[in-house]
Amino acid sequence: MSLVAIFAAGMACAGAVFSLWIWRLKIRLRGCAQQLQALQSARANTDECDALRAEIDGLRAAGQAAAMEWRARSSALEAQHAQALQSAMQQAHQAFDASQGSSHEVAGAIRDLYGMEMTFERWHADMTVLLAHNRGMHAKNEEFSLIVRQMVMVALNASIESARAGATGRGFGIVANEMRSLSARAEALSMDYRRTLYENDLITTTTFQDMQAGGRMILGAVRGLELSHRKGTEATALSLECA
Amino acid sequence: MISASACASLDRMFVHSLQNTFFTPEGERAAVTQVAQSLPDAGAQMVVLMIASHTFRLVMALHFPQAGEALRLLVPDSDGGDAGPHAFRDQMSERGNMCCGMVNREIGRFFAHTGMSTPHIIDSRSGPFMTALPHAHATHWRVAIDARLHIDASLCMHNRAPMDFEWHADAQQEVTGELEFF
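Going down the list, the protein sequences come from chains A and B.
Position one of the first sequence corresponds to residue 7 (our numbering), numbered consecutively onward.
Position one of the second sequence corresponds to residue -12 (our numbering), numbered consecutively onward.
Calculated from the structure, these hints are not laboratory results.
Beta carbons: idealized from backbone N, C-alpha and C, even for Gly.
Keep in mind that a hint or two might mislead.
[Stated by the list, open to error] Covered by chain A, according to a simulated footprint, are these stretches of chain B (three or more residues, beta-carbon under 8 Å):
no., segment
1, -12 to -3
2, 36 to 47
3, 92 to 104
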């Protein structure tokens, strides 16, 4: 083998080795470039994180300040509300005390109104007396009616007797006729009086019943008033207890 | 002052209460017919009751014949003789109360405050004077208990303010049976 060939072969080998070294060098260089890029990127992220952290710190500080401010405002409002509530409660208690006084007055007035029942009882007693009185008048009128009927009979008999007596009985006959006429008028009057008594019975009864039923209507209304009053008082007391 | 509808409603209420107060011996509701005038028998007694409000008063009268039949109707335990005038009067008053109470309950649906009187018994010869009392509406009815016995009834309304309402017995059926609290 010639020296040239050996040299050429050596040069070729050296070239190949060199190329290989260059290739490997390039690979390492690319890796270094990537590492460098990664390092640069990491640094950029770190800077961004620092900026974000700073922003977060700023926001946290602002939030804390706002929270403190709101807490302060809330405390002030609570104090105001507590004061207003206390004032309202005082007013409510005063109003309740006042209403309690009025309520006692109303309850007393209602009790007095119930006393009206005694008035109705008195009217009832009066009515009983009136009806008894009417019954007495009925009885007297019946007796009067019997007397009048008897008078009519007597007058009729007298007229007959006077007619029998003839001329001597003429004067007596005039008196007897007059008596008959008076008896007839008395009978008519008695019958009219009886009708009036029956009418009077009805008028007395309905007048009294009107008062009695009216009284019961008033008592019913008073009971309704008492119930409403009691419910109102209980509701007020309950609302104050709840407050 | 009082509308035709209110008059008709009052009559219906009265008839309804009469039919729920008086029954035939067979236990059926007695027939009630309108008559021109109450003509009670001699010796009859009438129970008078009143419903009053501040705007009206309503007089009701039931004429009970003083007969043995009436006694047997009202006091079944009696022998028809002198079966206790007190028992008879009590029964008359009770029937009057029942009848008037029903009308009072129904009229109370339209008028908030009403009051009812106690029953009073007077001679039926006072009856014809009912229409001599001030009134805007008056009707007379006959309740046939059986062929021999009837009870006359009168209704007389006097009002001081306009009245207008409509009442039908059927419309009230749905609320019957409810508990009443006093």
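Status of the hints after comparison with the structure:
Coverage of a stretch by a chain is defined here by at least three residues with a beta carbon nearer than 8 Å to that chain's beta carbons; for the segment -12 to -3 of chain B and chain A the count is 0, and the condition is violated. Check result for the segment 36 to 47 of chain B against chain A: holds, 8 residues qualifying (beta carbon to beta carbon below 8 Å, three or more required). With 5 residues having a Cβ less than 8 Å from any Cβ of chain A, the segment 92 to 104 of chain B passes the three-residue criterion, so the hint holds.
In terms of the numbered hints stated before, the structure departs from hint 1 and from no other.
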